[in-house]
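Construct all of the structure, not just a fragment, from the sequences and the given hints.
So the chains spell out like this:
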Amino acid sequence: MAKTAPPTGLSVRFKQPRPIALDLAFSVAPGEILALVGPSGSGKSTTLRAIAGLYAPANGSILCNGTVWFDSRLRVDLPARARRVGMVFQSYALFPHLTALENVMEALGDLPAGERCDRARALLSGMHLDGLEERKPAALSGGQQQRVAVARALARRPSVLLLDEPFSAVDRVTRRRLRRELIELRRELSMPVILVTHDLDDVIRLADRMCLLSGGKILQTGSVEEVMARPANATVAELLDLVYEEARPAANARRG
Amino acid sequence: MDWEALWLSLRLGGLTVLLLIPLAIAFGRFLALRSFFGRAVAEAVVALPLVLPPTVLGFYLLVAFGSDSWIGRTYDRFIGQPLVFSFEGLLLASIIVNVPFAVQPIQRAFESIPADLRDAAATCGMSWWRMLHRIELPLAWPGILTGMVLTFAHTLGEFGVVLMVGGNIPGETRTVAIAIYDRVQAFDDQAAGRMAALLLLVSLVAIALSYALSQRIGRRHG
Numbered sequence: 003m004a005k006t007a008p009p010t011g012l013s014v015r016f017k018q019p020r021p022i023a024l025d026l027a028f029s030v031a032p033g034e035i036l037a038l039v040g041p042s043g044s045g046k047s048t049t050l051r052a053i054a055g056l057y058a059p060a061n062g063s064i065l066c067n068g069t070v071w072f073d074s075r076l077r078v079d080l081p082a083r084a085r086r087v088g089m090v091f092q093s094y095a096l097f098p099h100l101t102a103l104e105n106v107m108e109a110l111g112d113l114p115a116g117e118r119c120d121r122a123r124a125l126l127s128g129m130h131l132d133g134l135e136e137r138k139p140a141a142l143s144g145g146q147q148q149r150v151a152v153a154r155a156l157a158r159r160p161s162v163l164l165l166d167e168p169f170s171a172v173d174r175v176t177r178r179r180l181r182r183e184l185i186e187l188r189r190e191l192s193m194p195v196i197l198v199t200h201d202l203d204d205v206i207r208l209a210d211r212m213c214l215l216s217g218g219k220i221l222q223t224g225s226v227e228e229v230m231a232r233p234a235n236a237t238v239a240e241l242l243d244l245v246y247e248e249a250r251p252a253a254n255a256r257r258g
Numbered sequence: 498m499d500w501e502a503l504w505l506s507l508r509l510g511g512l513t514v515l516l517l518i519p520l521a522i523a524f525g526r527f528l529a530l531r532s533f534f535g536r537a538v539a540e541a542v543v544a545l546p547l548v549l550p551p552t553v554l555g556f557y558l559l560v561a562f563g564s565d566s567w568i569g570r571t572y573d574r575f576i577g578q579p580l581v582f583s584f585e586g587l588l589l590a591s592i593i594v595n596v597p598f599a600v601q602p603i604q605r606a607f608e609s610i611p612a613d614l615r616d617a618a619a620t621c622g623m624s625w626w627r628m629l630h631r632i633e634l635p636l637a638w639p640g641i642l643t644g645m646v647l648t649f650a651h652t653l654g655e656f657g658v659v660l661m662v663g664g665n666i667p668g669e670t671r672t673v674a675i676a677i678y679d680r681v682q683a684f685d686d687q688a689a690g691r692m693a694a695l696l697l698l699v700s701l702v703a704i705a706l707s708y709a710l711s712q713r714i715g716r717r718h719g
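Line by line, the protein sequences give chains A and B.
If you count by the working numbering, then the first sequence holds residues 3 to 258, one letter each, in order.
If you count by the working numbering, then the second sequence holds residues 498 to 719, one letter each, in order.
Since the hints were derived computationally from the structure, they do not count as laboratory data.
Treat the hints loosely; a few may be bogus.
[To be verified] So, partial list: chain A residues that the calculated Cβ filter (under 7 Å) puts toward chain B:
1. Phe28
2. Val87
3. Met89
4. Ala95
5. Ala109
6. Thr223
We put the beta carbon where it would ideally sit given N, CA and C, even for glycine.
See the structure below:
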């Protein structure tokens, strides 16, 4: 665990006993994809929400590119809208009454009104959504909705990109295609990316490093290969198995 | 047909909607989003006018607005006329009586907006006002419209409270509902019948409209 904060990128440190136990610290470099992996209830989604500013832990700090986003001791807590985060929600959380284009435009509030539309079109086009700009979310497939959500998350030119189980709501084929698109996309991404997942396939294909979480604590951090090949202890090995088991019924259900 | 009473009823209904709905949006949203100590009590107070006999409610309002009360005295001092048996007093009573009809559908509408959407709006950098008028109000709109329709229709039909607080003063407090009673007392069944039919029609349309809208809100979020 890095003690000194890097000048760029994101460093996070949270500590609280309850209501959701958290005791962790990690850093993510620009352009790096860090996967937070763990069974349900391990605190990974809470960690993501805390980084986004949607949840304030009792103790801790968030430092992004040298700016303090959150520090319990200094009583700094920037609201979510003041942090430059792009977040893709598990349910995508697209605004149901707005078109795909309007959904993206809502995240472009700091651009002059005249430029928003063109910029939103370019973002949607970048996600292969040409021709679907005027559709509302209900008229889009799961995969298309996910791409609108990614376009919306990237619209603010975020300093950090947060992905909360981004592939859990689509079928296996779409999942594979979206994963491939994200691998292509990441070449253009220069910000730290945090991916919350409980699918080890996502981790293997997308992440540079992973943190294995349990009960709000990081059990092991390292490159994906390292953690997989050399679990630090029996608990880590068991958890990797457990995570894999948790992901499998869902995969089986999708297959069936 | 007592046109003066009809006009008074429409004016009372319209003004009640106009003044009550912004308050109901603020309070309904608050009840939907915040959990606080005494929340159950607050919700019970909101619902109270639904179960209280109108005469009981009317009696308490009469006491509260009367010249012996703090409200009545303050009003009299600043406006120069008593609050009871006046249109303004009737309007205030009407707002209080309609609180559940306005607040409850609006509260349900705000509750039905997924929490994720507010989080997404925040991470999109939207300000509180922008989130309210671009996301929350459009999504809660069917519930707000239901609250407006129910409030309007209920104001048109309210009898007990109006009689207690407003009495039966033509052009000041005599609503259609009171005029019907007045005509029946005078054995003018024809006029009473016409006005009753009108109220029946308005109520039916209002309820049908509110059911249609609550189905729409269910579909939109389903």
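Original post:
Does the interface hint hold: is A:Ala109 within less than 7 Å of chain B, judged Cβ to Cβ?
Top reply: holds, 4 Å
Original post:
Once the shortest beta carbon distance from A:Val87 to chain B is found, is it less than 7 Å?
Top reply: Holds - the Cβ of A:Val87 comes within 7 Å of chain B, reaching about 5 Å at its closest.
**OP:** Hold the hint about A:Ala95 up to the distance rule: shortest CB distance to chain B must be less than 7 Å.
**Re:** Result: holds, 4 Å to nearest chain B Cβ.
Original post:
Does A:Phe28 pass the interface hint, meaning its C-beta sits closer than 7 Å to a C-beta of chain B?
Top reply: violated, 20 Å
**OP:** Identify whether the interface hint at A:Thr223 stands, where standing means a beta carbon of chain B within less than 7 Å of its own.
**Re:** Cβ of A:Thr223 sits 26 Å from chain B, so the hint is violated.
**OP:** Verify the interface restraint on A:Met89: the C-beta must sit less than 7 Å from at least one C-beta of chain B.
**Re:** holds, 4 Å
Checked against the numbered hints above, the structure breaks hints 1 and 6 and satisfies the rest.
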